[in-house]
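Q: In terms of my numbering, the sequence shown is residues 85 to 229.
No lab work stands behind these hints: they were computed from the structure. Please read these numbers as outputs of a predicted model, since none were measured by experiment. By construction, the Cβ of each residue, glycine as well, lies at the ideal position given by its N, Cα and C atoms. Some hints could be false.
What the hints assert, rightly or not - Okay, derived cross-link-like pairs now, DSS-like style, lysine-lysine, Cα gap no bigger than 27 Å in a straight line:
1) K119 with K151
2) K190 with K151
3) K147 with K190
4) K93 with K147
As the list claims (entries may be wrong) - Here are the simulated distance ranges between beta carbons:
5) G129 with Y180: 38 to 48 Å
6) L209 with R157: 49 to 59 Å
7) T158 with L227: 45 to 55 Å
8) R222 with S150: 20 to 30 Å
9) L99 with G129: 43 to 53 Å
10) E118 with A181: 24 to 34 Å
11) G107 with E213: 19 to 29 Å
12) G92 with G129: 52 to 62 Å
13) N112 with V179: 39 to 49 Å
14) D204 with T225: 40 to 50 Å
15) D134 with N112: 47 to 57 Å
16) Q207 with L96: 42 to 52 Å
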Amino acid sequence: MTGSGGAGKTLLLLLVLLAIVGGAGAWNYQRNLEKEATIPRPWRGYSDADLHSMAEAYRSEVKQYSKAWEQARTQRASAAGTGHVDDRAREFDRVYAQGRKVRDLKSGLAEREVVLAELDEEQRLRAAEADRWALHLRRLTTLDY
């Protein structure tokens, strides 16, 4: 009779351990699911094909803006007016306009790079969600999501 008592205690211990592990897994799954819901995903509503097309278009624009910015940046405008106040004012306007052009190009480039990064992140998240079993396992077992 003592042999079955030890087996009963072992079984009870295994059941308690299973309940603890199951509860911890359920808690972790819910925690990771809530974290996922807080990730900003402005491109979630677009189809995969539209997302891919937009990413390619933004990549093209980033290349164009990058090239234009590099060209504008290397064309340094220097003030050369030494004459009348009118000439100096026109020269100031010219130099200021060149600087403004460089800043505007850099701003446009930065904006497009941000959108492209968002599109790439949405594509990465969708690829990670494609394998449903891996997604559930990651939610269940990952502590630092």
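Q: Now tell me if each hint is right for this structure.
A: Comparing the hints with the structure gives:
1. The suggested pairing of K119 with K151 is violated, with an alpha-carbon distance near 39 Å, which exceeds 27 Å.
2. At most 27 Å may separate the alpha-carbon atoms for a hinted pair to count; K190 and K151 meet this at roughly 11 Å.
3. Note on K147 and K190: the hinted pairing holds, with a Cα-Cα distance of about 12 Å set against a maximum of 27 Å.
4. Only pairs whose Cα atoms come within 27 Å are accepted, and K93 paired with K147 is rejected, the gap being roughly 69 Å.
5. The hinted range of 38 to 48 Å is satisfied by G129 and Y180, whose Cβ atoms lie roughly 42 Å apart.
6. At roughly 34 Å, the beta-carbon separation of L209 and R157 lies outside the given 49 to 59 Å, and the hint is violated.
7. Checking the proposed 45 to 55 Å range against T158 and L227 shows it holds: the Cβ atoms sit about 49 Å from each other.
8. In this structure the supplied range 20 to 30 Å is violated for R222 paired with S150, their Cβ-Cβ distance being about 35 Å.
9. For the hinted restraint 43 to 53 Å between L99 and G129, the CB-CB distance of approximately 45 Å keeps it satisfied.
10. Restraint check, E118 to A181: a C-beta distance of roughly 51 Å breaks the suggested window 24 to 34 Å.
11. Between G107 and E213 the C-beta distance comes to about 26 Å, which sits within the given range of 19 to 29 Å.
12. At about 56 Å, the beta-carbon gap between G92 and G129 stays in the expected band of 52 to 62 Å.
13. Taken as a hint, the range 39 to 49 Å is violated for the pair N112 and V179, whose Cβ atoms sit roughly 60 Å apart.
14. A beta carbon spacing of about 26 Å between D204 and T225 contradicts the range 40 to 50 Å that was offered as a hint.
15. Our hint of 47 to 57 Å for D134 and N112 is violated, since their Cβ atoms are close to 34 Å apart.
16. Separated by about 49 Å at the C-beta atoms, Q207 and L96 satisfy the suggested range of 42 to 52 Å.
In this structure, the hints that do not hold are numbers 1, 4, 6, 8, 10, 13, 14 and 15, in rising order.
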